[in-house]
Amino acid sequence: MKMFKTDKDDDLYYYFNAKKEKRWLYRYRYYDAFGKRREKSKQGFKSENEAYRALLQVKTAIVNGDIKKVENENLTVGEWLDIWFETNKNQWGITTRENRALTIETIIKPLLGKIKLLKLDKVTYKRLFINKLLNEYSPGSVAAYHAQFKTAINAAVDTEILLRNRFNKITIPQPKKESENFYTALELKKFLEAFERHENITNYTMVLLLALTGMRKGECMGLKWNDINFEDMTVSVSRTRDTKGVRPPKTKNSYRTIKVIGELTNQLKVYRKWCKELMLSFGKRLSEDDFIFINKSSGNPVSHSILKSAIDRVTKKENLKRITVHGLRHTHATILVGKRIPVKVISERLGNTPEMILTIYGHSFKELEEESVEAFADALGL
Numbered sequence: 285m286k287m288f289k290t291d292k293d294d295d296l297y298y299y300f301n302a303k304k305e306k307r308w309l310y311r312y313r314y315y316d317a318f319g320k321r322r323e324k325s326k327q328g329f330k331s332e333n334e335a336y337r338a339l340l341q342v343k344t345a346i347v348n349g350d351i352k353k354v355e356n357e358n359l360t361v362g363e364w365l366d367i368w369f370e371t372n373k374n375q376w377g378i379t380t381r382e383n384r385a386l387t388i389e390t391i392i393k394p395l396l397g398k399i400k401l402l403k404l405d406k407v408t409y410k411r412l413f414i415n416k417l418l419n420e421y422s423p424g425s426v427a428a429y430h431a432q433f434k435t436a437i438n439a440a441v442d443t444e445i446l447l448r449n450r451f452n453k454i455t456i457p458q459p460k461k462e463s464e465n466f467y468t469a470l471e472l473k474k475f476l477e478a479f480e481r482h483e484n485i486t487n488y489t490m491v492l493l494l495a496l497t498g499m500r501k502g503e504c505m506g507l508k509w510n511d512i513n514f515e516d517m518t519v520s521v522s523r524t525r526d527t528k529g530v531r532p533p534k535t536k537n538s539y540r541t542i543k544v545i546g547e548l549t550n551q552l553k554v555y556r557k558w559c560k561e562l563m564l565s566f567g568k569r570l571s572e573d574d575f576i577f578i579n580k581s582s583g584n585p586v587s588h589s590i591l592k593s594a595i596d597r598v599t600k601k602e603n604l605k606r607i608t609v610h611g612l613r614h615t616h617a618t619i620l621v622g623k624r625i626p627v628k629v630i631s632e633r634l635g636n637t638p639e640m641i642l643t644i645y646g647h648s649f650k651e652l653e654e655e656s657v658e659a660f661a662d663a664l665g666l
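According to my numbering, the sequence shown is numbered sequentially starting from 285.
Hints are all accurate, no fakes.
Simulated restraints on C-beta separations:
| # | residue 1 | residue 2 | range |
| --- | --- | --- | --- |
| 1 | Thr535 | Glu370 | 19 to 27 angstroms |
| 2 | Thr599 | Tyr539 | 29 to 37 angstroms |
| 3 | Lys568 | Asn419 | 25 to 33 angstroms |
| 4 | Lys536 | Phe300 | 58 to 66 angstroms |
| 5 | Glu477 | Pro394 | 35 to 43 angstroms |
| 6 | Lys400 | Ile545 | 50 to 58 angstroms |
| 7 | Lys592 | Glu471 | 16 to 24 angstroms |
Straight-line distance between alpha carbons at most 27 angstroms, and here's what the computed BS3-like set of lysine-lysine pairs gives:
| # | residue 1 | residue 2 |
| --- | --- | --- |
| 8 | Lys410 | Lys453 |
| 9 | Lys601 | Lys473 |
| 10 | Lys410 | Lys534 |
| 11 | Lys605 | Lys473 |
| 12 | Lys592 | Lys580 |
| 13 | Lys473 | Lys557 |
| 14 | Lys373 | Lys398 |
| 15 | Lys580 | Lys528 |
| 16 | Lys592 | Lys474 |
| 17 | Lys403 | Lys434 |
| 18 | Lys543 | Lys473 |
| 19 | Lys536 | Lys628 |
| 20 | Lys326 | Lys403 |
| 21 | Lys324 | Lys400 |
| 22 | Lys536 | Lys508 |
| 23 | Lys543 | Lys553 |
| 24 | Lys324 | Lys306 |
| 25 | Lys568 | Lys553 |
| 26 | Lys534 | Lys434 |
| 27 | Lys536 | Lys393 |
| 28 | Lys453 | Lys416 |
| 29 | Lys474 | Lys553 |
| 30 | Lys605 | Lys474 |
If you are wondering where the hints come from, they were derived from the structure by calculation, not from laboratory data.
Cβ coordinates follow ideal geometry from the N, Cα and C atoms, glycine included.
Given the sequences, and given the hints that come with them, work out the whole structure.
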């Protein structure tokens, strides 16, 4: 490409692209912090003034000592996260390292990875990251992902790639109180009956499975027919599926096999028969490696947002208490706590640690503790 120097600045040039269109570029040589000769260039400007303004910004940054800002102008969020992770991973514990690697690859990069780090502002971050995550995850999970992103950004500030962390004052809406986001056993029974009356077989089977197993939504979406053992009456969790695709479960504890009741296996048998007939209508055979929950109109796996809309419809139509999809998991756990099922059994069933169960449902255990004191006193006639 032949370049022609302009009269405006010695570091400013114009050229003609492949379409014979006149364009401008700048090439500016400078010394970095180690005294090494560097060059910063950029082309494709449609006007001389546009190119000149960009060149002045580079020169001003270098004069002010912001050399790293110039050198990292094109660094993307994804590239920085890779640098941050590789630089610090050996300082973190195994669990922290694995959790951060998973969050980076499956949560942050798909939404923000290609955006230039220096260009990412608070409005864009809230729109493309926070708001989208809130459509799929609980506020508590979104707050955790946000906290990890802020940690990575603080590291960029410490490294002097960024001047400050723009994302410190972003607030995440608080989740519903645990006492609000679950059903009693009677409320759940009415809810499931309403779902069976008003919703299609796919939605009803999904809701029934979530309510009777305490599984996470992504785990339910990731189930395949070979995960169901009808003879032993168990459901095995070995993957999760969401808007980012199929991936391993949330934690090591999430890999589990859940014992289920006959009502659920019977419904799954009815649903499998329906799925076989549906797939045959598309000229296909149902495979044991197919995802269980499929769309009636296409035979493809259902979308992640299908249950939220269904719950909204049913609770509004039947004037029932509104809970989230995740509230079905809380419902399952709370009912088990109320039936005095040991913490270890509940944690294994839900794929959590006993410590996490005690933290989340501590208020329920506190109520049981008070009941046990009263029961003991009654037994002694005190």
